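Peer 1: Protein sequences appear in the order of chains P and H.
Per my numbering, the very first residue in the first sequence carries number 1; after that it's consecutive.
Per my numbering, the very first residue in the second sequence carries number 1; after that it's consecutive.
FYI, nobody ran anything at the bench for these hints, they're computed from the structure.
None of the values given here were measured: they were computed from a predicted structure.
The beta-carbon is built from N, C-alpha and C at its ideal position, and this holds for glycine as well.
Please note: incorrect hints may appear among the correct ones.
Unchecked claim - Listed next, the stretches of chain H that the computed footprint assigns to chain P, with coverage defined by at least 3 CB atoms under 8 Å from CB atoms of chain P: (1) 23-35; (2) 119-129.
To be verified - Label-pair distances were calculated between CB atoms; the ranges are: (3) H/15 with P/273: 43 to 53 Å; (4) P/61 with H/293: 28 to 38 Å; (5) H/221 with P/158: 42 to 52 Å; (6) H/21 with P/77: 23 to 33 Å.
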Amino acid sequence: MPSVAAPVVTGIDVTKRWSTTQALSGATFAIGDGVTGLLGANGAGKTTLLGLILGLHRPDSGSITVFGQDPWLAGAEVRARLGYAPEHDALPPDVAAHDVVRHLAELHGLPRREATSRASDALWEVGLGEERFRPVGTMSTGQRQRVKLAQAIVHDPELLLLDEPTNGLDPSQREDMLGLIEHVGVDLGMHVILSSHLLDEVERVSGSVVILESGRVVADGRMAELSNTDPELVVELDRIDGDDPAPALALALERGGLVATADGPRRVVIALGSPSVYDAVRDALADGGYSVRKLERRTASLEDVYLASAGPGRPE
Amino acid sequence: MSRREDDVVAADDRAQIYEPGYRPYRGVRLGVSHSVWALARHTAERIMGLKRPARYKVLPFVTVAIAYLPAVAFIGIVALVPNSPRRLADLIPGPGHYYGFITAAIILFAALAAPEALCPDKRSRFLGVYLSSPLNRSTYLLSKAIAVIGVLLLVTVGPPLLLLVGLALQNEGPHGFVDFMGTVAQIFAAGVSLSLMFGAVSLAIPSLTDRRAFASAGSLLLILGSGAITSVIVFGLGGPKNVLALSINRLPFELALRIFTLRGLPTGPQDGFVASAPLSTGVVVGASVGLTLVAAAVTWWRVVGTEVTR
Numbered sequence: 001m002p003s004v005a006a007p008v009v010t011g012i013d014v015t016k017r018w019s020t021t022q023a024l025s026g027a028t029f030a031i032g033d034g035v036t037g038l039l040g041a042n043g044a045g046k047t048t049l050l051g052l053i054l055g056l057h058r059p060d061s062g063s064i065t066v067f068g069q070d071p072w073l074a075g076a077e078v079r080a081r082l083g084y085a086p087e088h089d090a091l092p093p094d095v096a097a098h099d100v101v102r103h104l105a106e107l108h109g110l111p112r113r114e115a116t117s118r119a120s121d122a123l124w125e126v127g128l129g130e131e132r133f134r135p136v137g138t139m140s141t142g143q144r145q146r147v148k149l150a151q152a153i154v155h156d157p158e159l160l161l162l163d164e165p166t167n168g169l170d171p172s173q174r175e176d177m178l179g180l181i182e183h184v185g186v187d188l189g190m191h192v193i194l195s196s197h198l199l200d201e202v203e204r205v206s207g208s209v210v211i212l213e214s215g216r217v218v219a220d221g222r223m224a225e226l227s228n229t230d231p232e233l234v235v236e237l238d239r240i241d242g243d244d245p246a247p248a249l250a251l252a253l254e255r256g257g258l259v260a261t262a263d264g265p266r267r268v269v270i271a272l273g274s275p276s277v278y279d280a281v282r283d284a285l286a287d288g289g290y291s292v293r294k295l296e297r298r299t300a301s302l303e304d305v306y307l308a309s310a311g312p313g314r315p316e
Numbered sequence: 001m002s003r004r005e006d007d008v009v010a011a012d013d014r015a016q017i018y019e020p021g022y023r024p025y026r027g028v029r030l031g032v033s034h035s036v037w038a039l040a041r042h043t044a045e046r047i048m049g050l051k052r053p054a055r056y057k058v059l060p061f062v063t064v065a066i067a068y069l070p071a072v073a074f075i076g077i078v079a080l081v082p083n084s085p086r087r088l089a090d091l092i093p094g095p096g097h098y099y100g101f102i103t104a105a106i107i108l109f110a111a112l113a114a115p116e117a118l119c120p121d122k123r124s125r126f127l128g129v130y131l132s133s134p135l136n137r138s139t140y141l142l143s144k145a146i147a148v149i150g151v152l153l154l155v156t157v158g159p160p161l162l163l164l165v166g167l168a169l170q171n172e173g174p175h176g177f178v179d180f181m182g183t184v185a186q187i188f189a190a191g192v193s194l195s196l197m198f199g200a201v202s203l204a205i206p207s208l209t210d211r212r213a214f215a216s217a218g219s220l221l222l223i224l225g226s227g228a229i230t231s232v233i234v235f236g237l238g239g240p241k242n243v244l245a246l247s248i249n250r251l252p253f254e255l256a257l258r259i260f261t262l263r264g265l266p267t268g269p270q271d272g273f274v275a276s277a278p279l280s281t282g283v284v285v286g287a288s289v290g291l292t293l294v295a296a297a298v299t300w301w302r303v304v305g306t307e308v309t310r
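So here's chain P without its partners, still in its complex pose (with noise of 0.2 Å):
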């Protein structure tokens, strides 16, 4: 597992199993700072995650710490610590959404008027503040999921955990959610987990992702450790005299001691050990004659990683 400085959020072989479903078996993971991604297909476990680190639920085993506590044993403690927005449309439609967002601060320990202005605040940081006063049964999917964003942050929690904020969004909605939920990640300096069953999603605004799969995680860490592994050179050939001639430059480049694989019968894979493999490459190309109809350094896509470690269950 990629080390990673002061977790947030650590898990130890937690399982956790709902009557007949397995939720998560034996998931262990490091969160820490920043936004990190909670990846996986619907069902993979996220949304039992994300309830064990609210202390909502007790761990059929293992254990789970937020904060260096058990979040079952000091629920109170560490949810006061906690923002949660979660998946499903929950808001109230007929109270307006900074009557929503100062009862959520309130709950949080805020004292009214704090709340009361803080409402005002977090509804203003969400693009909301010329509709604070609206019902939330008139506002529309994108403006309802702000307001969810507004009254998880509206008492400064230290980690926020966010369920599928994105749901229901058109692209131009969506892509502004991501922004704000950036900015909170590295403007407002807090802890984020982003919950979600889209890829790219998780690539466009985290530091670091969990991969979970039917219970297990399959893959955790910050994204540039686990895409920066093993860089790539493809090289895509023409066909020579009807010949693929994929595997007879992949077997040249391995005599030259190379790593390299015909990946199909006109595709090259070859490991980028070191820069000297850029030469070796260019020699064998250059003797053996081919047409490179592409070249290109390939660093590992997150996509990548799921797909190397995860089953058919994937995500979008």
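Go by the hints and put chain H onto chain P.
Peer 2: Coordinates of chain H only, in the frame set by chain P:
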């Protein structure tokens, strides 16, 4: 000085209003008890339809008005016809008998209030947001119970108290300060016991469903149905009179009568000759405590068992 005023900087010609917006919160954070009261107040406001569109205010306010109406009428009669030949004031019920006039209002209010307190949170799954705060399921339920019992006090304590004060101002109330304060204490004791029992029962039913209409109908059915069934058993079939202690529309008022040290309701037909004895006070108190505890246990069991994130 407010924080916004702190942010206004006026140093020289280049001065500008600096509005940083959202900032870290470094003020005081109050404890769980503050959260409990905040939720209780918010729930009470919801029950009464406050800070909501006008249509949500109609039923609760009309019900409360119905509960106060007889008291206002009685005080008006005493005030306007003070020395009539038959002394109308002698026919005016005291606070102890007042509940007989507002039984329907109390039952209706209980059946409306508690579903509004519990059902929307479950239906919209806002319960999960509440439980992500320092509240846990027990403190959440405590908040809801405080809210429901608190608003029920509006119709169980307020009207008889108004009647007492009104009569006292017309020199028709208890004689002397001690008697007056004793009656006030009886009103509070009876009102709290009524609120506790109806609050507990009316919270138990909404804990079984997330639909307000079903919960209100269920509460009314249970309260009125238990009265009808026990009456048939005792009065129609000649069953043991203690079965009446299971009548939820009767038992709380029986207890209130005992608090006012008044004779309870008869347990047999009143044909002018045979006045059957009321339930014993021991049975009434025991059944009241038992009913309240069972209803509270059902509510707690249901709220604790509600899934919020899975």
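Peer 1: Give a verdict on every hint.
Peer 2: Tested hints:
no. : hint                         : in the structure
1   : 23-35                        : holds (count 11)
2   : 119-129                      : holds (count 6)
3   : H/15 with P/273: 43 to 53 Å  : violated, 60 Å
4   : P/61 with H/293: 28 to 38 Å  : holds, 35 Å
5   : H/221 with P/158: 42 to 52 Å : holds, 48 Å
6   : H/21 with P/77: 23 to 33 Å   : holds, 29 Å
In summary, the structure is inconsistent with hint 3 from the numbered list given earlier, while agreeing with all the others.
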